[in-house]
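Participant: So the protein lines, in turn, are chains X and V.
Here the first sequence stands for residues 5 to 322, where the numbers follow this note's numbering.
Here the second sequence stands for residues 15 to 431, where the numbers follow this note's numbering.
Hints in this document: simulated from the structure, not taken from any laboratory.
We put the beta carbon where it would ideally sit given N, CA and C, even for glycine.
Do not take every clue at face value.
[To be verified] With beta-carbon atoms standing in for the labels, derived distance ranges: (1) T149(X) to R209(V): 50 to 56 Å; (2) R45(V) to G244(X): 47 to 53 Å; (3) E121(V) to G244(X): 44 to 50 Å.
[What the hints assert, rightly or not] From chain X, some residues computed to sit far from chain V (all C-beta separations above 10 Å): (4) V15; (5) R42; (6) G117; (7) I125; (8) G144; (9) A205; (10) H220; (11) A228; (12) L229.
What follows is each chain in one-letter form.
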Amino acid sequence: MIAAAAVIILVALVLYAVFGGADFGGGVWDLLATGPRRAAQRDLVSAAIGPVWEANHVWLIFAIVAMFTCFPLAFADIGVGLYAPLTLALIGIVLRGAAFAFSHSPGGGWTAGAWTIVFRIASLLTPFFFGDAVGALAGGRYAWTSPFALAVGAFAVAVTAQIAAVFLLLETNDSALLADFRRRAVRTTVVVWFLGLVPAAVAAARALPLFTALLHPAALAAIALALTAGVVTIAAVWRGADRTARVAVALEATAILAGWFGAQAPDLVPGRLSLIAAAAPAATLSAFLIATVIGAAIVGPSLALLFRVFKSSPRKAA
Amino acid sequence: MGTSLAFHIVFAALGVGLPLLVVLAEGTWLRTGDRAYHDLARTWAKGMAILFAVGAVSGTILSFELGLLWPGFMRYAGPLIGLPFSLEGFAFFVEAIFIGLYLYGWERLTPRAHWLAGIPIVISGPVSSAFVTLVNAWMQMPTGFRIVDGRIADVQPLVAMFAQPWLVEVVHGTLGAYVFTGFTAAGVCAFALLRGDRRPQVAAGLRIGIAVAAVAIPLQIVMGDVIARFDSEHEPVKFAAAEVVRHTVRGAPLTIGGIPTAGGGDVRDAIEIPRLLSLLVAFDPNAEVRGFEGITPVDRPPVALTHLSFDAMVGSGFTLLFIALGWGVTVARRRSPGRALLIATACAAPLATVALEAGWFVTEFGRQPWIAVGLQRTTDAVTPAPNLMLAFASFSGIYVILAAMCGWLLRRIGGTT
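Given these sequences and hints, build the entire structure.
Facilitator: What follows is the structure in structure tokens.
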């Protein structure tokens, strides 16, 4: 049951990283919009994020709730240890969500421009501090200002930008815009590879215990899978197989997160708490699992409906 | 955390109530074809977009703060209260999904399908707030576990989920959300009418707001009476603090208002109505009411704050009831509302806010010094992390900005569309 609960949290985190990541990455592209089609790029991002970001955001809340229900000791420990980066990420979440709603409100007037800037910066900072928090957790001792943690933060931003670029390909029919984001999808995939090397290099240079963990077969397999998924992403993007690219980039994110989980298993907080030590009593775990099954039965079809209404039409119309 | 909750509760209450108003408005349009209701639904939906976004992010703050601020509490309470929180997560999921469909689906869905997309929001809003209220009920009267050697054992999540006050708290909280939203919407429309706004959608909004509020407020007053009697029996310390009963006496007077004395353990210069409290509690003017005297001072809630919040809630609740009665009389006589009634209704919006927040204060102040009554003190639950004041200040600052921005945007939406 402990394993099932851990897997559910991992799944929620993966879904948040992929869908929420695409929304944050969209904000990054809003920030980096350049060239003659700058305005069109930003409109595309807004239209893609608008109807779904709140639903995508719930994956995070669900992961948090699952965490304190099933692993309360780890939740409390992480809450104290990563107080600073998580608070900063939280501020980013609040400002991103509120700024998006404010800047798109018809009453916005002159303030819309200012909120748009807040939205872009918050879209950049939130994944950075989440990545940083993950790095600090994995690197041990909650050292969130360590080079390793900061490198993981930068890596996280690159991944969200990559996911967003790939996801946006299915949101438009405009060939010039498509070309823009095809280029970006390929480039950010390469950037992701390089930025992925940095934390690994830091871990090796500082001889963190984590580096040994990275050489664990499960971690190596995950890294290999992530790299393969990246290559498939590039190939699919060039060939215009945008759906395949989506699956590949989602697989890449899954491999990264699963690799992280796998590398530090059976510890939840490396060196401090194992999954078993942090777990809630069995009665709570089973109640949670039952609630999750019931909840999933309701949420699954609703989510499918949401994505069918908003995420399938631009290409169908073409 | 208190600031976060006081802020979030406004958005949570609107998240419960506003979808009902919007769906009622859109439904009236579909049934009657009256464009005023269509315009009203569109206008309110634009407001809902902002309010829901801010409610969602402020809710996120709360879920994080549980760990960031109260690690000591979550360490052992997580397994006990996680179940309602998990279910709340799913209810919120449904809400977020359908709010996306509703807000962005005006052109993509047929009018009827669009209206139907609003129904799950109307249901999931109160359901998700009810799950969170269950957690609060548990904090008031923790249950569903045994303590063995100073540790929690035999955790029963389903028992913990339905702590004794759950039903009264859920009904009271849900009605409170409808009272608040109904009067706020009606108050804003009444204010616009008074300022000479003659658009038909303003009158339509007033009608729907008052209709919801007028149904909810009498039920809420009855519920308030039920909950007060529940507290006098099961949470006597909180009740004694709310009613400032120091000594356990027979024939207790009802104390209204008053100035907190030094030390905060009492109030003076209050209005006292002899024997009324005993009469209210037990239908017997000589019934015994337990005081907080027997409780050691460190275990007492802040009496003055609890009492004044309680009076603010009850006072504004009854004022709202009279405003609703005024509307009842006007409608029964088939008159159009007079200027005095409109002014009173405009004042109902801030009054309803007072009632909502004060009610929240009663339950939270009344529980102190405990975070979970009898189990853990609030001071033992708080995080040892440094710079707590800095985080508190920055979040408070963000809340002020968000609240100001919401107010400003809502005014502009109301004025321009």
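Participant: Hint compliance check: list the failing hint numbers for this structure, sorted ascending.
Facilitator: 3
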